[in-house]
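**Q** As given, the protein sequences belong to chains A and B, one line each in that order. Position 242 of the first sequence, counting from 1, maps to 242 under the numbering used here, and the rest follow consecutively. Position 125 of the second sequence, counting from 1, maps to 125 under the numbering used here, and the rest follow consecutively.
Don't read these hints as lab results, they were simulated from the structure. Any given hint could be a false lead.
No copy is singled out in the list; a pair is fine if it fits within one copy or between any two copies.
Unchecked claim - List of simulated lysine-lysine pairs, DSSO-like, C-alpha gap at most 30 Å: (1) K82 <-> K52; (2) K11 <-> K123; (3) K72 <-> K184; (4) K265 <-> K144; (5) K52 <-> K220; (6) K52 <-> K297; (7) K184 <-> K54; (8) K20 <-> K184; (9) K107 <-> K239; (10) K20 <-> K102; (11) K279 <-> K184; (12) K144 <-> K73.
Keep in mind the model is a prediction, meaning the values are calculated, not measured.
There are 2 protein chains.
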Amino acid sequence: MAGPKYLTGDKAGIEEFLAKFDLFLFDCDGVLWSGDNIYPGTAETIEMLRAKGKQLVFVTNNSTKSRADYKKKFDGLGIPAKVEEVFGSAYSAAIYISRILKLQAPKNKVFVLGESGIEEELKSENISYIGGTDPTLRRDMEQKDFLSIADGSALDPDVGCVLIGLDFHINYLKMSLAYNYLRKGAVFLATNTDSTLPMAHGFFPGAGGVGAGVVKAHGKDPLALGKPSQAMMDAIEGKFHFDRSRTCMVGDRLNTDIQFGIEGKLGGTLMVLTGVSTKEEILAEGAPVVPSVYLDKLSDLLG
Amino acid sequence: MAGPKYLTGDKAGIEEFLAKFDLFLFDCDGVLWSGDNIYPGTAETIEMLRAKGKQLVFVTNNSTKSRADYKKKFDGLGIPAKVEEVFGSAYSAAIYISRILKLQAPKNKVFVLGESGIEEELKSENISYIGGTDPTLRRDMEQKDFLSIADGSALDPDVGCVLIGLDFHINYLKMSLAYNYLRKGAVFLATNTDSTLPMAHGFFPGAGGVGAGVVKAHGKDPLALGKPSQAMMDAIEGKFHFDRSRTCMVGDRLNTDIQFGIEGKLGGTLMVLTGVSTKEEILAEGAPVVPSVYLDKLSDLLG
Numbered sequence: 001m002a003g004p005k006y007l008t009g010d011k012a013g014i015e016e017f018l019a020k021f022d023l024f025l026f027d028c029d030g031v032l033w034s035g036d037n038i039y040p041g042t043a044e045t046i047e048m049l050r051a052k053g054k055q056l057v058f059v060t061n062n063s064t065k066s067r068a069d070y071k072k073k074f075d076g077l078g079i080p081a082k083v084e085e086v087f088g089s090a091y092s093a094a095i096y097i098s099r100i101l102k103l104q105a106p107k108n109k110v111f112v113l114g115e116s117g118i119e120e121e122l123k124s125e126n127i128s129y130i131g132g133t134d135p136t137l138r139r140d141m142e143q144k145d146f147l148s149i150a151d152g153s154a155l156d157p158d159v160g161c162v163l164i165g166l167d168f169h170i171n172y173l174k175m176s177l178a179y180n181y182l183r184k185g186a187v188f189l190a191t192n193t194d195s196t197l198p199m200a201h202g203f204f205p206g207a208g209g210v211g212a213g214v215v216k217a218h219g220k221d222p223l224a225l226g227k228p229s230q231a232m233m234d235a236i237e238g239k240f241h242f243d244r245s246r247t248c249m250v251g252d253r254l255n256t257d258i259q260f261g262i263e264g265k266l267g268g269t270l271m272v273l274t275g276v277s278t279k280e281e282i283l284a285e286g287a288p289v290v291p292s293v294y295l296d297k298l299s300d301l302l303g
Numbered sequence: 001m002a003g004p005k006y007l008t009g010d011k012a013g014i015e016e017f018l019a020k021f022d023l024f025l026f027d028c029d030g031v032l033w034s035g036d037n038i039y040p041g042t043a044e045t046i047e048m049l050r051a052k053g054k055q056l057v058f059v060t061n062n063s064t065k066s067r068a069d070y071k072k073k074f075d076g077l078g079i080p081a082k083v084e085e086v087f088g089s090a091y092s093a094a095i096y097i098s099r100i101l102k103l104q105a106p107k108n109k110v111f112v113l114g115e116s117g118i119e120e121e122l123k124s125e126n127i128s129y130i131g132g133t134d135p136t137l138r139r140d141m142e143q144k145d146f147l148s149i150a151d152g153s154a155l156d157p158d159v160g161c162v163l164i165g166l167d168f169h170i171n172y173l174k175m176s177l178a179y180n181y182l183r184k185g186a187v188f189l190a191t192n193t194d195s196t197l198p199m200a201h202g203f204f205p206g207a208g209g210v211g212a213g214v215v216k217a218h219g220k221d222p223l224a225l226g227k228p229s230q231a232m233m234d235a236i237e238g239k240f241h242f243d244r245s246r247t248c249m250v251g252d253r254l255n256t257d258i259q260f261g262i263e264g265k266l267g268g269t270l271m272v273l274t275g276v277s278t279k280e281e282i283l284a285e286g287a288p289v290v291p292s293v294y295l296d297k298l299s300d301l302l303g
């Protein structure tokens, strides 16, 4: 396998690379911005790609935001984007539940461990749910909860699926409910299983971290609908109908973004060094996942 | 390997078996009681063993209770026991930190994810700690927390160890703090890594479930100080100075209790069928862990 090509400062190499693709799938955090801080040159790079006639899709594993929330974030940071260009893992999960899982009534309710972004996307697909941001579940576990969860009286008999995403309000009560719905046979899904969440130039537990307690108790992994799961690539393809050989995945993480592009048999993968993975990782002898090309930062595409 | 011997109703076999041992290590839940319900004959069996001059140690992975809490539980159920005979995973962790890890000042503080049982045992070994039941950490994560944890200003520079146990008040803020102390190099310990907690005739996330988010984010497992970790056996031996060949482990779980006794090279292991593991599991062809003997219930030792 040829090593990844370093394109920063290589004008001709960049031109040649860009010409190979009609569509760019973009990871967001660590590529376009870090938390609420846009990287210099991001908006100009996006505009340059649009000017060249490239189609853009913003693919994010962040499940706390809906596509509409994301659109607001793009607007606030001054990056031109449309709601239809955003494809988040919460939306991916909603699409999977409504169009592939097709839960049959009455057992068609989803118990959500997550924030409003998931709820909004479930609503957009007319999926009924409980949990999520329900304020009555944001409290300590009490003795009566152990009894009513154990005997089933606290469980909604219509729940047929547990969907786990990033929940900043995770607690023992919600973990116990999710686990006991699974014990009763609910289908187990996750928006994504990212172990960490980059925020404020630091790292925090990601959706995979927040959901790990339920996974550990249950002893089985969920089907993940975010990168690198190809269930997400299939969902994107179902919506955008693109030619994989003329598509490039752009990201900062080897084990999510780049792996997602490689397993999806895309024409290319571009890694930037402004996020999680490092140059050392991709240049290491026998590195398991490497991008086709890499740049110090996205705006190096401006040449 | 000879199969396990069934001793229920076998008076001569029981006499012969008891004569081999001076010390019995007892698991509690599923052996002596289930939750708050004592099994019939438990107190009489304990008294019979004492009358025969046997030494008893009660070994439990439950980290929410201190030895003093456990003593209260024994009293309440009418089982004669002394505080010194109780050896919980919280105490095991405290012993490990004070006598083996020996953290050097100033970096000798422990960040606790757990309840008061852990705090009491740390106090008993004069170990300073933060976290635990601190009410100021029982709240939602706020934007300012992301900033102050990421830049380190919210982190106590004296923390040299993260200890995870069963925490019924787990939240994103505490998970984030624990994970970031680990990122700064803190030693990673767990009282135990039980995936589930049997309660109220049901199952709930155990210490291993509660801690799994931090483990997933950090990407490394903690050293566990509960069964079946031999770190716990070493701690028990350090306190009681017993002859392993004349010691028997009594329990209801193959993959914690019985494995603990076998790996500790004890003279014998006794399994009772009143808890988690079943007769089918130990009699299965090629069963990976089997006890030396088994009984329907503990009180069958009375003959």
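**Q** For every hint, state whether the structure bears it out.
**A** Tested hints:
With identical chains, the CA atoms of K82 and K52 are at most 30 Å apart within one copy only, with a shortest distance of 17 Å there and 79 Å across copies. For a Cα distance limit of 30 Å, the shortest separation of K11 from K123 qualifies neither inside one copy, at 46 Å, nor across copies, at 64 Å. In the homo-oligomer, the alpha carbons of K72 and K184 never lie at most 30 Å apart, since the shortest distance is 39 Å inside one protomer and 35 Å across protomers. Neither within a single protomer nor between protomers do K265 and K144 lie at most 30 Å apart by alpha-carbon distance, with minima of 52 Å and 41 Å respectively.
For a Cα distance limit of 30 Å, the shortest separation of K52 from K220 qualifies neither inside one copy, at 46 Å, nor across copies, at 45 Å. Within a single copy, K52 and K297 get their C-alpha atoms as close as 20 Å, which meets the 30 Å cut-off; across copies the closest is 75 Å, which misses it. Within a single copy, K184 and K54 get their C-alpha atoms no closer than 47 Å, and across copies no closer than 42 Å, so neither meets the 30 Å cut-off. For the homomeric pair K20 and K184, neither the shortest alpha-carbon distance inside one copy (49 Å) nor that between copies (43 Å) is at most 30 Å.
Taking the closest pair of Cα atoms, K107 and K239 come within 30 Å of each other only inside a single copy of the chain (26 Å); across copies the shortest separation is 54 Å, beyond that limit. Taking the shortest alpha-carbon separations for K20 and K102, neither the intra-copy value of 37 Å nor the inter-copy value of 60 Å comes in at or below 30 Å. In this assembly of identical chains, the alpha carbons of K279 and K184 lie at most 30 Å apart only when taken from different copies (22 Å versus 46 Å within one copy). Proximity of K144 to K73 under the C-alpha cut-off of 30 Å is restricted to the inter-copy arrangement: shortest distance 19 Å between copies versus 42 Å within a copy.
In summary, the structure is inconsistent with hints 2, 3, 4, 5, 7, 8 and 10 from the numbered list given earlier, while agreeing with the others.
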